[in-house]
Amino acid sequence: MKNKIGQEEMVGFALIMIMVAVILLIFLSFSLKSSGKEIVESYEVESFIESLLQYTSDCEDNLEYLSIQKLIFDCNDDKICLDERNTCDVLNLTLKDIIKESWNVEGDTPIKGYEFKIIIEGEEMLLIKEGNITKSYKEAMQDFSRRGEDYELFFKTFY
Amino acid sequence: MIKRKKAQLKIQQMAFMLMAVTLFFVMVGMFILVFKFSGLKESATLIEEKNAMLLVTKLANSPEFSCGEAFGSNRINCIDSDKVMMLKGKIAKYSEFWGVAEIKIRKIYPNNENIICTPGNYGNCGIIEVLSKDVNKLPPASNFVSLCKKESYNDEFYDKCELARFMVSSEDKR
Numbered sequence: 001m002k003n004k005i006g007q008e009e010m011v012g013f014a015l016i017m018i019m020v021a022v023i024l025l026i027f028l029s030f031s032l033k034s035s036g037k038e039i040v041e042s043y044e045v046e047s048f049i050e051s052l053l054q055y056t057s058d059c060e061d062n063l064e065y066l067s068i069q070k071l072i073f074d075c076n077d078d079k080i081c082l083d084e085r086n087t088c089d090v091l092n093l094t095l096k097d098i099i100k101e102s103w104n105v106e107g108d109t110p111i112k113g114y115e116f117k118i119i120i121e122g123e124e125m126l127l128i129k130e131g132n133i134t135k136s137y138k139e140a141m142q143d144f145s146r147r148g149e150d151y152e153l154f155f156k157t158f159y
Numbered sequence: 001m002i003k004r005k006k007a008q009l010k011i012q013q014m015a016f017m018l019m020a021v022t023l024f025f026v027m028v029g030m031f032i033l034v035f036k037f038s039g040l041k042e043s044a045t046l047i048e049e050k051n052a053m054l055l056v057t058k059l060a061n062s063p064e065f066s067c068g069e070a071f072g073s074n075r076i077n078c079i080d081s082d083k084v085m086m087l088k089g090k091i092a093k094y095s096e097f098w099g100v101a102e103i104k105i106r107k108i109y110p111n112n113e114n115i116i117c118t119p120g121n122y123g124n125c126g127i128i129e130v131l132s133k134d135v136n137k138l139p140p141a142s143n144f145v146s147l148c149k150k151e152s153y154n155d156e157f158y159d160k161c162e163l164a165r166f167m168v169s170s171e172d173k174r
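Order-wise, the sequence lines are chains A and B. The opening position of the first sequence corresponds to residue 1 in the numbering used here, with each subsequent residue numbered one higher. The opening position of the second sequence corresponds to residue 1 in the numbering used here, with each subsequent residue numbered one higher.
One chain only, chain A, in its complex shape (with noise of 0.2 Å):
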């Protein structure tokens, strides 16, 4: 009877100090998650958005080698370059290809996609999509004017 009594105390101990030890080790793997560091910040994607509108495209007018936001808005104005290329043509080009080369998302990156877009007025002049979308993302929003006219440029990068 006595032998018993004391079985049960000892497997009650058991299962306290089991029940601790889940608790411990819980609270160590929330610990050791919460320390890292995210995959993408907020600062690269605005810092990207604003880097990619000075970038000086190969397109020449009568002045100058164009930036991407002069490209923007030569493109919205239906010009072209000085080598009689469409001006929106380069803009798309070149868009692609430094997304492309900044934000590589084929393989086993952790980028797994991405969305550009340029927005005039409230209306869509272009978007460049590429990869997959998922619930992590980050965006990033740079809008200016001209003769009145509001100019919205949005990225998200998703990962």
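In short, the hints are calculated from the structure, not lab data. All clues given are correct.
Per the computed footprint, the stretches of chain B lying under chain A, defined by three or more beta-carbons under 8 Å from a beta-carbon of chain A, are:
| no. | segment |
| --- | --- |
| 1 | 13–24 |
| 2 | 105–115 |
Keeping only pairs whose Cα atoms sit at most 27 Å apart, straight-line, the calculated DSS-like set for lysine-lysine is:
| no. | chain 1 | residue 1 | chain 2 | residue 2 |
| --- | --- | --- | --- | --- |
| 3 | B | LYS137 | B | LYS93 |
| 4 | B | LYS50 | A | LYS156 |
| 5 | A | LYS129 | A | LYS96 |
| 6 | B | LYS50 | A | LYS112 |
| 7 | B | LYS58 | B | LYS83 |
| 8 | B | LYS50 | B | LYS104 |
| 9 | A | LYS129 | A | LYS79 |
| 10 | B | LYS88 | B | LYS137 |
| 11 | B | LYS104 | A | LYS96 |
| 12 | B | LYS50 | A | LYS135 |
| 13 | B | LYS104 | A | LYS138 |
| 14 | A | LYS79 | A | LYS100 |
| 15 | A | LYS96 | B | LYS150 |
| 16 | A | LYS117 | B | LYS160 |
| 17 | B | LYS104 | B | LYS58 |
| 18 | A | LYS4 | B | LYS5 |
| 19 | A | LYS4 | B | LYS6 |
| 20 | A | LYS117 | A | LYS156 |
| 21 | B | LYS150 | B | LYS93 |
| 22 | B | LYS160 | A | LYS79 |
| 23 | B | LYS104 | B | LYS137 |
| 24 | A | LYS4 | B | LYS10 |
| 25 | B | LYS58 | A | LYS156 |
| 26 | A | LYS4 | B | LYS3 |
| 27 | B | LYS173 | B | LYS88 |
| 28 | A | LYS112 | A | LYS135 |
| 29 | A | LYS100 | B | LYS104 |
| 30 | B | LYS50 | A | LYS138 |
| 31 | B | LYS150 | A | LYS79 |
| 32 | B | LYS160 | A | LYS100 |
| 33 | B | LYS160 | A | LYS96 |
| 34 | A | LYS156 | A | LYS96 |
| 35 | B | LYS150 | B | LYS88 |
| 36 | B | LYS173 | B | LYS50 |
| 37 | B | LYS58 | A | LYS138 |
Derived Cβ-Cβ restraints for the label pairs, each shown as a range:
| no. | chain 1 | residue 1 | chain 2 | residue 2 | range |
| --- | --- | --- | --- | --- | --- |
| 38 | B | ILE115 | A | ILE39 | 22 to 32 Å |
| 39 | A | GLU139 | B | LEU54 | 13 to 23 Å |
| 40 | B | PHE24 | A | GLY6 | 17 to 27 Å |
By construction, the Cβ of each residue, glycine as well, lies at the ideal position given by its N, Cα and C atoms.
Let chain A serve as the given structure and place chain B on it in line with the hints.
Here is chain B on its own, set in the frame of chain A:
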């Protein structure tokens, strides 16, 4: 007599139980202490990394690197590569100035692969190694920047800006 023995046994049992519980909590306490102290080094490294991240943006817009008004109006995240090449030549004076182990600028578009920039190949290279100390380094924190310079074409100068990544690594003190 039997009652006394029973009571003694109970007291003994309780004493053992109390000892076991105390021992258990001491062990748990020691485990937590060890865990906390090992976390200190981790958090120090994390702070170093965060500092590097903040420094990337701060450095890119500092007078030593930024374009200022050399390329028209004041630009954000714009690095004057002519200025950086000059700075690279006098980097010994600046090695302790920023408190980092490495500063690199890697061109992204157009991609010039891994060709290190020297005064001889400047213009057709991919990486400007501004500062590189001979220490263990943490993985770099980086940010996108516009890398601008003055280029000549048919005896005329124009501004050429390319896309690059500004990379800063701190020293790994682990």
